[in-house]
Amino acid sequence: MIEAQGIAKRFGRVTAVDDVSFRLDRGQAMALWGSNGAGKTTLIRCLLGVIRFRGRASIAGHDVMRHGRRTRSLVGYVPQELAFHDDARLGPSILFFANLRRVDRRTAVDSLAKVGLQGHERKRVRDLSGGMKQRLALAIALLSDPPVIILDEPTSNLDAAGRGEVMQTLQRLKHEGKTLLFASHRPDEVITLADRVIVMERGRALLDTTPTELWPTESGVQLIRLHLNMASEQHAAAVLRDAGHAVHLNGRGLCVAVARDRKAAPIHTLARASIEVRDIEIVEDVVIPEARR
Amino acid sequence: MSSLTVHSDPAGAARLRTIPGGAVAFAWREFRDAVSSRWFILYTIAFAVLAMATSFMSLSGVGAHGFAGFGRTTAGLLNLIMLIVPLMALVAGAGSIAGERERGTLLYLLAQPVSRTQVFLGKYAGLALALTCSLCVGFGASALVLAWRVGGVGIGIYTVLVGFTCAVALSMLAVGMLISVLSRRTGVATGIALFVWLSLVFVSDLGLMAGSVLFKLHVQELFGLGVANPLQAFKMGVIVNMNGSLDVLGPAGVYASRTLGDALVWLVSGIIAAWTAVPLAIGAICFSRKSTI
Chain A
1 MIEAQGIAKR FGRVTAVDDV SFRLDRGQAM ALWGSNGAGK TTLIRCLLGV IRFRGRASIA
61 GHDVMRHGRR TRSLVGYVPQ ELAFHDDARL GPSILFFANL RRVDRRTAVD SLAKVGLQGH
121 ERKRVRDLSG GMKQRLALAI ALLSDPPVII LDEPTSNLDA AGRGEVMQTL QRLKHEGKTL
181 LFASHRPDEV ITLADRVIVM ERGRALLDTT PTELWPTESG VQLIRLHLNM ASEQHAAAVL
241 RDAGHAVHLN GRGLCVAVAR DRKAAPIHTL ARASIEVRDI EIVEDVVIPE ARR
Chain B
294 MSSLTVHSDP AGAARLRTIP GGAVAFAWRE FRDAVSSRWF ILYTIAFAVL AMATSFMSLS
354 GVGAHGFAGF GRTTAGLLNL IMLIVPLMAL VAGAGSIAGE RERGTLLYLL AQPVSRTQVF
414 LGKYAGLALA LTCSLCVGFG ASALVLAWRV GGVGIGIYTV LVGFTCAVAL SMLAVGMLIS
474 VLSRRTGVAT GIALFVWLSL VFVSDLGLMA GSVLFKLHVQ ELFGLGVANP LQAFKMGVIV
534 NMNGSLDVLG PAGVYASRTL GDALVWLVSG IIAAWTAVPL AIGAICFSRK STI
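Chains as they are written, first to last, in the working numbering: chain A, 1 to 293; chain B, 294 to 586.
Source of the hints: derived by calculation from the structure; they are not laboratory data.
Keep in mind the model is a prediction, meaning the values are calculated, not measured.
Where a beta carbon is used, it is the ideal one built from N, C-alpha and C, also for glycine.
Take the hints with a grain of salt, since some may be wrong.
[Claimed, not checked] If you want the ones that stay clear, here's a sample from chain A, every Cβ over 12 Å from chain B, calculated:
| hint | residue |
| --- | --- |
| 1 | 26 |
| 2 | 41 |
| 3 | 69 |
| 4 | 144 |
[Stated by the list, open to error] Footprint (simulated), chain B over chain A, 3 or more residues, beta carbon under 8 Å:
| hint | segment |
| --- | --- |
| 5 | 42-56 |
| 6 | 77-85 |
| 7 | 94-101 |
[Claimed, not checked] Far from chain B by the CB rule (all over 12 Å, computed), these chain A residues:
| hint | residue |
| --- | --- |
| 8 | 6 |
| 9 | 212 |
| 10 | 253 |
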């Protein structure tokens with residue numbers, strides 16, 4: 001359904017995406033996992049055909065650069081944060097996108113109802129909560145019932161309740177046979193939704209694996225944050241990745257998703273590389289659905 | 294929200310709403326956004342008030358002496374238009390694409406099944422319609438003053454004035470949008486637009502005066518350089534329609550009237566059309582070929 005061959009994108013001297021290739025079949029869900037700046041968002045923009053890149057990408061057999069409109073009509077896109085005019089009202093906004101996607105007014109109404117936004121049509125976008133904005137983005141993405149949904153960290157600005165709602169919707173979509181490609185740095189989302197994970201760092205696809213291989217879940221997974229000297233964070237991340245850990249750098253420490261009974265493993269790995277860990281913090285238990293255990 | 298309410302309509306469920314093309318949807322959205330924005334309301338009020346004031350003051354002393362004062366009013370309006378209308382259009386155009394880019398909304402729009410050309414032309418069409426409406430409000434107010442003080446309006450000349458004004462506004466809008474495509478930030482685009490406005494309104498006149506003295510320009514060269522400025526072309530077009538010749542503009546005007554005769558109107562119309570089509574085409578090409586957002 002989605003095929004990427006040697007995708008590369010540079011911004012001046014910075015290589016944002018470097019020779020990434022993968023193939024995602026119909027009905028599969030794939031996560032792009034990596035630190036901030038790993039190239040996930042740029043890769044998604046390449047796949048949407050909104051920026052030029054080297055290599056080739058196609059969706060349902062259509063080249064995204066040569067047949068951009070055609071391919072984008074097959075894709076529902078949910079950004080990290082819904083970017084709308086703040087003064088725009090919810091009702092006219094969804095009708096505008098309904099026009100672009102060539103669906104009728106009734107479908108627009110149904111789409112809003114599906115994400116629980118019926119009755120909010122007169123609200124301005126600036127008055128919507130983060131969760132409501134993200135549900136609106138989902139409603140717009142689902143307007144034309146596209147076979148592919150691409151999401152760029154769809155829950156990163158949401159609270160726990162908002163995340164739960166979005167994840168429920170995405171699980172339903174997966175069961176309906178949609179092909180999902182999403183960027184995330186939340187292990188619970190990856191484990192819950194994804195059939196495959198591409199681990200990205202500095203623009204490169206380091207690993208194409210499954211969530212269960214990345215995080216063996218018999219004993220459960222916990223997300224821990226290691227506090228190190230700022231100067232050694234990048235090196236520490238590389239050392240942990242080499243040791244097979246799923247690492248995420250977000251400017252507030254180094255987050256590692258580990259098996260619940262193996263929390264000391266990354267600290268030992270770093271100690272062997274003479275990297276001092278100043279503090280350790282358990283961020284959260286990763287909730288794994290029964291079906292995935 | 295009434296615009297989203299689906300009424301009980303037996304045929305409605307099966308009947309799909311006619312869907313306009315992507316560019317029309319963008320144009321309509323742009324028009325709606327523009328007419329509800331502060332800049333549009335402020336410019337419309339400012340232009341209407343100044344047009345009314347100009348008409349009123351031009352007619353003072355004319356009293357009830359009929360249409361003799363109409364020419365004076367048109368001359369007064371001409372100077373007002375040359376100052377305000379290019380400023381309105383350039384600033385509106387400059388904020389269009391750069392504003393979307395800066396707010397982060399451009400990516401989301403381009404991720405929809407539309408081409409970049411559709412987005413660009415749709416935004417131009419919407420802003421052009423909004424600008425035309427704004428000008429019509431000002432001219433309508435001025436016409437009311439004329440009708441009240443003089444007892445009527447020289448419909449033919451007034452229509453030509455309105456037509457030429459709308460044409461020059463559309464050309465300046467196209468220049469503004471070209472600036473917007475080439476600028477990454479709204480502030481930069483607006484700054485460049487103001488510089489262009491200043492150049493066209495003041496600097497080109499002063500440059501011509503200085504050039505004619507320094508380089509001892511011939512009258513045909515002086516006319517050629519003058520008419521290349523769309524605002525001067527606009528002024529010449531209106532004056533030719535009012536007086537039948539450009540004699541009031543001095544030797545260059547006399548030369549133009551004698552050499553070109555009736556073709557002068559076509560020449561100035563062509564120059565204004567070129568100032569619309571060329572920046573619009575370059576803007577659309579640059580926007581379509583941009584490798585980033």
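12 Å cut-off, C-beta based - residue 212 (chain A) kept clear of every residue in chain B: 32 Å, holds
Could you check that no beta carbon of chain B comes within 12 Å of the beta carbon of residue 144 (chain A)? The claim is violated: residue 144 (chain A) sits with its nearest Cβ about 8 Å from chain B, within 12 Å.
Counting residues of the segment 77-85 of chain A with a beta carbon closer than 8 Å to any beta carbon of chain B, are there 3 or more? holds (count 7)
Does the claim that residue 69 (chain A) lies off the interface hold, with its Cβ farther than 12 Å from every Cβ of chain B? Answer for residue 69 (chain A): violated, closest chain B Cβ roughly 5 Å.
Would the least Cβ to Cβ distance between residue 41 (chain A) and chain B come out above 12 Å? Label violated. Min Cβ-Cβ 10 Å, cutoff 12 Å.
Given as non-interface: residue 253 (chain A), partner chain B, CB spacing beyond 12 Å: 27 Å, holds
Grab the minimum beta-carbon distance between residue 26 (chain A) and chain B and tell me whether it stays above 12 Å. 20 Å, holds
Confirm or reject the coverage of the segment 94-101 of chain A by chain B under the rule of 3 or more residues with a beta carbon closer than 8 Å to the chain's beta carbons. n = 7 at 8 Å, threshold three: holds.
Report holds or violated for chain B covering the segment 42-56 of chain A, Cβ cut-off 8 Å, minimum 3 residues. Check passed, 5 qualifying residues.
Quick one: work out the minimum CB distance from residue 6 (chain A) to chain B and report holds if it exceeds 12 Å, violated otherwise. Holds: least Cβ distance 17 Å, greater than 12 Å.
In summary, the structure is inconsistent with hints 2, 3 and 4 from the numbered list given earlier, while agreeing with the others.
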